[in-house]
Amino acid sequence: DVKVTQSSRYLVKRTGEKVFLECVQDMDHENMFWYRQDPGLGLRLIYFSYDVKMKEKGDIPEGYSVSREKKERFSLILESASTNQTSMYLCATYSSPADNEQFFGPGTRLTVL
Amino acid sequence: GQSLEQPSEVTAVEGAIVQINCTYQTSGFYGLSWYQQHDGGAPTFLSYNALDGLEETGRFSSFLSRSDSYGYLLLQELQMKDSASYFCAVRNFNKFYFGSGTKLNVKP
Numbered sequence: 001d002v003k004v005t006q007s008s009r010y011l012v013k014r015t016g017e018k019v020f021l022e023c024v025q026d027m028d029h030e031n032m033f034w035y036r037q038d039p040g041l042g043l044r045l046i047y048f049s050y051d052v053k054m055k056e057k058g059d060i061p062e063g064y065s066v067s068r069e070k071k072e073r074f075s076l077i078l079e080s081a082s083t084n085q086t087s088m089y090l091c092a093t094y095s096s097p098a099d100n101e102q103f104f105g106p107g108t109r110l111t112v113l
Numbered sequence: 001g002q003s004l005e006q007p008s009e010v011t012a013v014e015g016a017i018v019q020i021n022c023t024y025q026t027s028g029f030y031g032l033s034w035y036q037q038h039d040g041g042a043p044t045f046l047s048y049n050a051l052d053g054l055e056e057t058g059r060f061s062s063f064l065s066r067s068d069s070y071g072y073l074l075l076q077e078l079q080m081k082d083s084a085s086y087f088c089a090v091r092n093f094n095k096f097y098f099g100s101g102t103k104l105n106v107k108p
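Going line by line, the protein sequences match chains A and B.
The numbering of the first sequence is our numbering, which starts it at 1 and goes up by one.
The numbering of the second sequence is our numbering, which starts it at 1 and goes up by one.
Derived by calculation from the structure, the hints in this document are not laboratory data.
A couple of the hints might just be wrong.
Below, in silico cross-link-like pairs of lysine to aspartate or glutamate (EDC-like), each with a Cα-Cα straight-line distance of 20 angstroms or less [to be verified]:
1. B/LYS95 <-> A/ASP59
2. B/LYS103 <-> A/ASP38
3. B/LYS95 <-> A/GLU17
4. B/LYS95 <-> A/GLU30
Fair warning: this is a prediction, and the values are worked out from it, not measured in the lab.
The following block holds chain B by itself, in its conformation from the complex:
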């Protein structure tokens, strides 16, 4: 089976840096994805890590350690529009398994 753990809620102030962790247990692993979902909206893709290390895309970075079954999403220079839920997802070939999501509250 698959299980993913991430914090349920995180609060940070505008301009700060926040890290959202994800640990997983899975029977098969191709990579770890991150998705953002605003209230009432559809999830949108942020990043994907297949190999160990850090991937950077603008203000967002994602890290993976396969040996530790652990990854994180790093958001820098937080903006109010970053207030949303963030989901990690394990890819097992052509199936994706999602965590329960982390609600990020950005305060002025």
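Pulled out of the complex, with its shape left as it was, chain A reads as follows:
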């Protein structure tokens, strides 16, 4: 079974702090994604990575950056957290274009005060 883990289930940070969210997968998947989920808006793609050190912006990259130094690890960074970044953050992976299923981590609920 694919396992996707996220560093924290709940996180509370203050405005202006630098925040790191980490995602680790154990199935050697090339593609990894960061989404944020807000009520009524579904899942919105922030960034994704198709290989080590490779990244591509999603629909809402502003205020975020990412890092993928190792294949199994994909980090989302909030350079200076703001209250409008309070949300549920979901990491996902999938193997290749031949595959159709994304595997999601349990999510990190981030609150920025």
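Given chain A's structure and the hints, the job is docking chain B onto it.
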């Protein structure tokens, strides 16, 4: 850009059949996926349609019409445990774009 529309909420009784529709507009299309998410849980994959027609997996079926940019998820013999949110997602090569989700309430 991409946009997907699905109803925000649907209510049905146990044992019934329910259909959740999804219409999409997209600049590139490889296929349509469906995911289920229980409250507090992660989305889990249900089905994927790349070609027109119906795909059946147990009590769940998914349909796609590429010419109409439309698909649906059909849930039969509803059970209480089917109460969850259901998301359609368009795949454009190796990116996925999700709808806003349909909350399904199953009543006894």
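Can the restraint linking B/LYS103 and A/ASP38 be considered satisfied, given a maximum Cα separation of 20 angstroms?
holds (14 angstroms)
Under the criterion that the straight-line Cα-Cα distance not exceed 20 angstroms, is the pair B/LYS95, A/GLU30 satisfied?
holds (13 angstroms)
Take the C-alpha atoms of B/LYS95 and A/GLU17, compute the straight-line distance between them, and say whether it is at most 20 angstroms.
violated (30 angstroms)
Would you check the hint for B/LYS95 and A/ASP59, treating anything up to 20 angstroms between C-alpha atoms as holding?
holds (11 angstroms)
Hint compliance for this structure: hint 3 is the single one not met.
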